[in-house]
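Undergrad: Each chain is listed here by its residues.
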Amino acid sequence: MTGDRAAGRVLRRGALPDVTYDVCVVGAGVVGSAIARELARHPGPRIAVVDAADDVGEGTSKANTAILHTGFDAVPGSLEARLVREGQRLLAAYAAESGIPVEPVGALLVAWDDEQLAALPGLLEKAVRNGYDAARLIGPDEVRAREPHLGPGALGALDVPGESIICPWTTTLAYATQAVRSGVDLLLGCRVERIDAAEGLHVLRTGRGVVRARYLVNAAGLHADTVDRMLGRDDFGVTPRRGQLLVFDKLARGLVRHILLPVPTALGKGVLVAPTVYGNVLLGPTAEDLDDKTATGSTEEGIAGLREKGRRILPALLDEEVTAVYAGLRAATEHEDYRISAHKEQRCVTVGGIRSTGLTASLALAEHVAGLLGDVGLDLKDAGEPDPVRMPAIGEAFPRPYQRADLIAADPAYGAVVCHCERVTRGEIRDALASTVPPVSLDGLRRRTRARGGRCQGFFCGAEVRALLEGGEGPVSR
Amino acid sequence: MSVERFVDVLVVGAGPAGLATAAGLAAAGVGEVEVVERDQEAGGAPRHCPNRGFGRFGTTGPQYAERCVTAAVNAGAVLRTGVSVTGWASPLTLDATSPRGLERITARAVVLATGARERPRAARLVAGTRPAGVFTTGELQRSFHRHGQHIGTRAVVVGAEPVSFAALDTLRQAGVEVAALVTGHPRHQAPRARAADARLRHGVPLLTDATVTELLGRGRLSGVLLRHRDGRTARLACDTVVFTGEFVPDHELARRGGLTMDPGTRGPAVDSAFRTAHRGVFAVGNVLHAVEPARTAAHEGSLASAAVLRHLLDGDWPPAAVPVRVTPPLAWAAPNRLTVDEPDDGFTLRVTEFVPSPRLTVTQDGRELFRARRRRPAVPNRPFRVPGQWTGRVDPRGGAVLIALSAGRG
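Chains as they are written, first to last, in the UniProt record's numbering: chain C, 1 to 478; chain B, 1 to 410.
This is chain C alone, in the form it adopts within the complex (with noise of 0.2 Å):
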């Protein structure tokens, strides 16, 4: 048990500590979290996430098409299809226990044309290959009973019944909340500048001073080529590939019951629509190839094609309010497979290539690195379950606060709505500011609570939401 280890610190400026870590975890995405919460089961090793964001998860991990996969497309035999799978049936199980949002609405791969109908017939060959037996092929009148709002046109889908749809940001918190309440340092707004080696150790310059550590693990996500190369290494370069959507407002969501995912072909691949857990719909995302790691803007022509592929898909879509436009960028590299790899005379482990994928393969990703962690020397043993973490209700398929009379008996807080278009109450806003790994932005609150993030993007509870974040005074007298 790691429950009677004193919690570590969430430190975003100042000094650093003045500890020699046995493990540094470099970034603060899905899958660092998920790798410091698997080492943090061991009672043994002193572990840091550093991370150059004030958040975590402040990268590729919280602009993403938020969704479990099952991995029925994975290329057959590599380590991503095998990490995904076993991941998969990790995550969804972990979400269970930790009330993560998750919503099993399985999905569909809907044909436009002969070219995407004569695609899923091998998709579906390829789905079994990966040992996943329940996807089948569906016609045009069972497309359209399933989805009545779909365009015309659908000639055919493959039904993957077990994709899901889940909240990436949640999933990491989870992941960073346990790993700090288990004895973690998260070292936030901490960018490393410099790798030197000095007496068996890795010496991390950073904007806030230094970090020691005897072993190290590169989870930098779109920057982990450049944390490779401060290490001497050149294996594989990240090419950022930005994915732009739009977010619809609630009041879409009952126009699509599905993950709708395109048929890849010679051509590209399409654009998915898909359900959220927060009750919205997801149009996107474009696939764009940049020099930028920081390019996660959105563009007008980026909107403009996706309100276009979107109308083809579910026209009445369009009418909807868009509520977020907002842009990711993948860690893409010029290989295939996941780049993960031990280095045992450098004490280190590299996890590059993590695509969009990593989200549903985080667990199984973090057991395996733990792994390959112990194969170049750390000592881990006697693991234990962390202490269990119970997230922030968030998701509309379960009981929010604002609906419990139960929760607001006790705590009338839950019942004091502030944001309107979410439902987001002060007693959850307060919970947030309070919790392991607290916000210190707006977009950090509305991550964890919902808050702002609706239709009317903060015209009536911006100001007071941004009050209760800063801590401040109530309302003034003018």
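By construction, these hints were calculated from the structure, which means they are not laboratory data. On a predicted model such as this, the values are computed, not experimentally measured, just so you know. We put the beta carbon where it would ideally sit given N, CA and C, even for glycine. Nothing false has been slipped in among the hints.
Straight-line distance between alpha carbons at most 25 Å, and here's what the computed SDA-like set of lysine to any residue pairs gives:
no.	chain 1	residue 1	chain 2	residue 2
1	C	K344	C	R41
2	C	K293	B	G219
3	C	K309	B	T213
4	C	K293	B	D239
5	C	K293	B	E214
6	C	K309	B	T129
7	C	K309	C	R144
8	C	K293	B	T129
9	C	K344	C	L380
10	C	K293	B	L225
11	C	K309	B	E214
12	C	K309	B	R130
13	C	K269	B	L125
14	C	K293	B	P131
15	C	K344	C	G237
16	C	K269	C	R339
17	C	K293	B	T213
18	C	K293	B	A237
19	C	K293	B	R235
20	C	K293	B	A132
21	C	K309	B	L125
22	C	K381	C	P43
23	C	K293	B	L125
24	C	K293	B	R130
25	C	K344	C	R82
Listing some non-contacts, in silico: residues in chain B with all C-beta distances to chain C over 12 Å:
no.	residue
26	G29
27	F57
28	W88
29	R235
30	T327
31	A331
32	A404
Given the coordinates of chain C, work out where chain B should sit on it, guided by the hints.
TA: Frame of chain C, contents of chain B only:
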């Protein structure tokens, strides 16, 4: 468990329209008239507009809001704030959440007075990064006037309709320099004196035929990209941008209740007695027409109270209605259902572009019901009124009534 309650009339929303409806009903002796408001304070949008012009003798927004509240309470209406209506349990029963718990409130008549909001950046599909410093007028006013928060140093205001100039006032009071007002229209849409004051006395440039296409900056806004109608582009440095106007009805409750919606206004479709397609459910104020001035909303409220009272007495509800539709450049008409026994108060129209010397025609199934010309142009974001004397000639079994507007000569 929910607490079950029964009232005679439940009004959702304590802005000028809802409060005036409640005041009228309570004054007429209707037993239990309850107004629920999700905000902590009643009074609606005027509370956040400290500028004058909400009534005669220079009434400010907060004064006007206070007056609406006092009138409703003095008349005997029950006003409850901090109560969020979250959905419908049945056609005249609503679920609500408040710090006191969950309630299920059934009424003999329900009045939706949920108001309107400005469309924020995301809904306008403005590309770019997602930095801090992006506001709507509503958020700006609450941030500064209510919470005293720091706003920024240099702002671009998107829009040049009346509310945009209210945003200018707030920015000026907050010590924010305004780089420009930007409108996609060829002219501003505010009263002339208001626009002249901004330009001449405060030196705020008005950029017409231009749109903000992209936001720049990480962490904090650093500027916006503009595109002129002729294709030229420019970059304006600023740390604050305020998206003003482009009001849309807050129609969630109406839609969740399955009410027939008007495709133009995007609010519930109503006749001129504020009756929706559902028996016993009324709608009033800016949820019907985003937006009209507070005084218009309050005036509707008093008209609506008479209509609700009539329904409580005789129980009548029109069995069918003829929809009113518009064609471009008209955006919408309100009211937008015609029923037989209604009073004749005319219609409010909205155009999407300036229309000089407008010629108006009203037809049903190709038959002309009304024709009129105006000397003054129709202006986007401003009301354009049409009298309703032709409604008696509408065939209640015919097709939709069509209102069209075109530019005349001169």
